[in-house]
Amino acid sequence: MQNLFNLGLVISVLITSLLVVLISIFLLYFSAPLIFGGEFKEFFTLEWDPLNSFYGLMPMVIGTASIASLATLFAIVSSFSFAVLILMFLPKSIASFLEKFLYFLSGVPTVLYAFVALFLLIPFANDVLDGKGLSILSASFVLSFVIFPTISIFLLNSFKQVAKKSLFAAKSLGATKEDLFFNLILKSSKKGVLSAIIFGFARAVGDTMVALMIAGNSLKIPNSLLDSARTLTAHIALINANDYESTAFKALFLSGLLLFLFSFVTVAILRILTRSKSV
Amino acid sequence: MSEIIKIKNLNLSYGKKEVLKGINLNIFKNHITAISGPSGIGKSSLLLVLNQMIREFERAKCSGEVLFNEDGEWRDILKFKEKELPALRKNIVYVSQHPDLLPFSIFENLYFGLKLQGIKKDSAKSMIKEALEKTFLYEEIKDRLHGDASMLSGGQQQRLILARALVLKPKILLLDEPTSSLNEELSSKVEDMLVKLKRETTIVMISHFKSQILKIADSVLNLA
Amino acid sequence: MFKKGIISIFYLSFFITLTLFFIFLGYVFYKGFANFSLNIIFDEASPIRAIIGKERVFDGIFNAIVGSVLVSSLATLLALPFGFLSGVYIASFAPRRIKSLLSFSYELLASIPSIVIGLFGLSITIYLHKNFFGNLYTSLLISALSLAVLILPYIVKMSEQAISNIPNQIKNSALNLGATRYENLFLIKLPYISKDLFGGVVLAIGRAVEDTAVIMLTGAVAMAGIPNSLLSKYEAIPFFIYYISSEYQDMFELNKGYVAAMVLLFVSIALFLFAFLIQKLSLRGKFE
Numbered sequence: 001m002q003n004l005f006n007l008g009l010v011i012s013v014l015i016t017s018l019l020v021v022l023i024s025i026f027l028l029y030f031s032a033p034l035i036f037g038g039e040f041k042e043f044f045t046l047e048w049d050p051l052n053s054f055y056g057l058m059p060m061v062i063g064t065a066s067i068a069s070l071a072t073l074f075a076i077v078s079s080f081s082f083a084v085l086i087l088m089f090l091p092k093s094i095a096s097f098l099e100k101f102l103y104f105l106s107g108v109p110t111v112l113y114a115f116v117a118l119f120l121l122i123p124f125a126n127d128v129l130d131g132k133g134l135s136i137l138s139a140s141f142v143l144s145f146v147i148f149p150t151i152s153i154f155l156l157n158s159f160k161q162v163a164k165k166s167l168f169a170a171k172s173l174g175a176t177k178e179d180l181f182f183n184l185i186l187k188s189s190k191k192g193v194l195s196a197i198i199f200g201f202a203r204a205v206g207d208t209m210v211a212l213m214i215a216g217n218s219l220k221i222p223n224s225l226l227d228s229a230r231t232l233t234a235h236i237a238l239i240n241a242n243d244y245e246s247t248a249f250k251a252l253f254l255s256g257l258l259l260f261l262f263s264f265v266t267v268a269i270l271r272i273l274t275r276s277k278s279v
Numbered sequence: 001m002s003e004i005i006k007i008k009n010l011n012l013s014y015g016k017k018e019v020l021k022g023i024n025l026n027i028f029k030n031h032i033t034a035i036s037g038p039s040g041i042g043k044s045s046l047l048l049v050l051n052q053m054i055r056e057f058e059r060a061k062c063s064g065e066v067l068f069n070e071d072g073e074w075r076d077i078l079k080f081k082e083k084e085l086p087a088l089r090k091n092i093v094y095v096s097q098h099p100d101l102l103p104f105s106i107f108e109n110l111y112f113g114l115k116l117q118g119i120k121k122d123s124a125k126s127m128i129k130e131a132l133e134k135t136f137l138y139e140e141i142k143d144r145l146h147g148d149a150s151m152l153s154g155g156q157q158q159r160l161i162l163a164r165a166l167v168l169k170p171k172i173l174l175l176d177e178p179t180s181s182l183n184e185e186l187s188s189k190v191e192d193m194l195v196k197l198k199r200e201t202t203i204v205m206i207s208h209f210k211s212q213i214l215k216i217a218d219s220v221l222n223l224a
Numbered sequence: 001m002f003k004k005g006i007i008s009i010f011y012l013s014f015f016i017t018l019t020l021f022f023i024f025l026g027y028v029f030y031k032g033f034a035n036f037s038l039n040i041i042f043d044e045a046s047p048i049r050a051i052i053g054k055e056r057v058f059d060g061i062f063n064a065i066v067g068s069v070l071v072s073s074l075a076t077l078l079a080l081p082f083g084f085l086s087g088v089y090i091a092s093f094a095p096r097r098i099k100s101l102l103s104f105s106y107e108l109l110a111s112i113p114s115i116v117i118g119l120f121g122l123s124i125t126i127y128l129h130k131n132f133f134g135n136l137y138t139s140l141l142i143s144a145l146s147l148a149v150l151i152l153p154y155i156v157k158m159s160e161q162a163i164s165n166i167p168n169q170i171k172n173s174a175l176n177l178g179a180t181r182y183e184n185l186f187l188i189k190l191p192y193i194s195k196d197l198f199g200g201v202v203l204a205i206g207r208a209v210e211d212t213a214v215i216m217l218t219g220a221v222a223m224a225g226i227p228n229s230l231l232s233k234y235e236a237i238p239f240f241i242y243y244i245s246s247e248y249q250d251m252f253e254l255n256k257g258y259v260a261a262m263v264l265l266f267v268s269i270a271l272f273l274f275a276f277l278i279q280k281l282s283l284r285g286k287f288e
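Chains as they are written, first to last, in the numbering used here: chain A, 1 to 279; chain B, 1 to 224; chain C, 1 to 288.
Honestly, the hints are just simulated from the structure, not real lab data. None of these values were measured; they are calculated from a predicted model. C-beta atoms are modelled at their ideal positions from N, C-alpha and C, and glycine is treated no differently. Wrong hints could be hidden among the right ones.
Computed cross-link-like contacts, DMTMM-like style, restricted to lysine to aspartate or glutamate with a CA-CA straight-line distance of at most 20 Å [unchecked claim]:
1) Lys-92/A / Glu-58/B
2) Lys-177/A / Glu-56/B
3) Lys-120/B / Asp-179/A
4) Lys-160/A / Asp-100/B
Derived, one-sided and incomplete: chain A residues facing chain B with beta-carbon distance under 7 Å [stated by the list, open to error]:
5) Ser-166
6) Ala-169
7) Gly-174
8) Ser-188
Next comes chain A alone, as it looks inside the complex (with noise of 0.2 Å):
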């Protein structure tokens, strides 16, 4: 009875430990004609025009880097107010609510957002916008709210296992609530935040939905905030099913690839980031 569960115990670990080996298996499968074809360097090219053989992924590139920043940028204000607010100068009952409120709203679908959006603030940009409600700005804006909350939570923790070590501490020295948090708590913190802002950019830059709903997914490269874009998740979403032999297919799979590598990085980072975080 006990080796049966053994041996569950252990083709499980293997089959689930091995799922990333597999999947970064298939995506170098299906990419590697690409990337030994002679022609790789084509795949970093500025233009996608698969009709005329161009497959270059840069638009793409750049479409899910600015929008991922943008929105991380939007949303480092909230999730920092929100954050501190809830640690510290918010009541207890409001604060412990409003963390409750934080969790669930990292649970909320981003095809939601995205759709509200559609509805609710593109009739209202495009007024505003010239037309250009479709845009970076506007899918930014939207992904911004997907990513606060596990922002939020993610700085909140930070903070909070500061505080619970030294603000009695602090606070027997005289410590006003400001002082608290800019002299203690925001300086000793310093890898919690640069942690919880890789984080929610990393959460952005794999988001699919609101990205293909709300940013327009032209193929040109964009020149400003109110150009359409097009990001390497909705450029896998738009999938043309028709020839899955074509190069176009597969430069889909090299666009997987290099989500999945981004995701390698990230993860690599943020595990050194929090290893060497002293005391």
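Following the hints, position chains B and C against chain A.
Below, chains B and C without anything else, positioned relative to chain A:
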């Protein structure tokens, strides 16, 4: 002999448990007032009432009056509003029984209270050196001022948090077992230092060393 | 003062953000309620007959609801045993170095964008279709498998944490009385964390129901009846919302979208509350 704090009929309870009952005490300026009694009887809690850090404990309830003579005016600190407390705690500084270091370097630990009062780092350096010398710590750590404070030994940490309070030159110093981790020689030196210090600062201290109390206290409150 | 100024900015940002979120949530509920009717869900079919499968629904969101329920239940059923056992292994039996390696692997899995997981599912389908199963296309089964991959790391983490958080006295007391590791696991640890696990399962189901990117590449379509086999296409609520937002032809279709959005939000709230209540109950029990 003028009083600086008058405690009138102070009661403290934690939820349903009564910790302090009917405490009356006059604390005189530039005196060393000692508080003694068996463990768990509420000595530390009494100190925490004096700097109102007792409010950090949700279930703690105080009644009575604790009058503090601040620049000629008598005010009941039990009735202080939340925003008046940081200023109070810069005048009445508490040194905990267990070293509660801030997650910074030795220097930053000592500088923290001064920074709150707007004192620049350069001016602070001499004040910090003075405080470290008073607690007989300077020679031991002068070369690692910017090292992590948590690397110090127990006795060194205890002297560090004492220095952290001394550097603020408070009106009243609340000491909770300040020499419990120190050997006889160091304890004696600190006791002598406290006697000299009372000229500038009023001291209220908890001690479970009878000899210490006999040696340096001007008055004693026994909570038994 | 400078510091107080920043705090005021925080308050301002706080209120603006909070307001926007309430507008967002309020809009979903308002539009959903305003346009709600049994018609939207069941179209011309009678609700009871549709639910027991005797009548087909053609134009309502009922099929999408059923599809979502099916795919997320299946995904959870698939992910749960493997995820749980892996979590148990890491928490109870793994040596330190392997623990570190394994947790890196799961962290990585958790951070892969969902669209890439969908792409993975699609690629497996293509591969199997070409080389082994000419009948295999993207379908309910493929989606469920892919969703299982998506939610797996969360189940692993949750199981592992639940076991690690058992207080040492409880973890070790049976061992001190001569029990084996396995007896300890089944008789002491598992019953103790059963409520945490339940909460974790609820959250996992939530993730599976709410995802769009994975299912849009692995079998969810705009129009399909109730799937009659694992290998058929199906409809799902999140995909439906996406699809209708760009392809709606008239108000009725748009209204279906609003109701679908409200349903999804409702599900999200219900699952959250459920998990939260379970957590509250389990804390109460532990202090007995």
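Legend entry - Ser-166/A as chain B interface residue, shortest Cβ-Cβ below 7 Å: OK, holds: Ser-166/A within 7 Å of chain B, min 5 Å.
Inset, instruction - Mind checking the alpha carbons of Lys-120/B and Asp-179/A for me, to see if they're no more than 20 Å apart? - result: holds, 15 Å
Inset, instruction - May I ask you to test the interface hint for Ala-169/A with respect to chain B, counting a Cβ-Cβ separation under 7 Å as satisfied? - result: holds, 4 Å
Inset, instruction - Starting from Lys-160/A, check that the Cα of Asp-100/B is at most 20 Å away, please. - result: holds, 17 Å
Legend entry - chain B contact restraint on Ser-188/A - CB to CB distance below 7 Å: holds, 5 Å
Inset, instruction - Decide if the proposed pair is consistent with the structure: Lys-177/A and Glu-56/B, CA atoms, cutoff 20 Å inclusive. - result: It holds: about 13 Å lies between the C-alpha atoms, which stays within 20 Å.
Legend entry - 20 Å Cα cutoff - pair Lys-92/A, Glu-58/B: Satisfied, since the Cα-Cα distance of roughly 11 Å is no more than 20 Å.
Inset, instruction - Mind checking the CB of Gly-174/A against every CB in chain B and telling me if the closest is under 7 Å? - result: Holds, about 4 Å.
The structure shown violates none of the earlier numbered hints.
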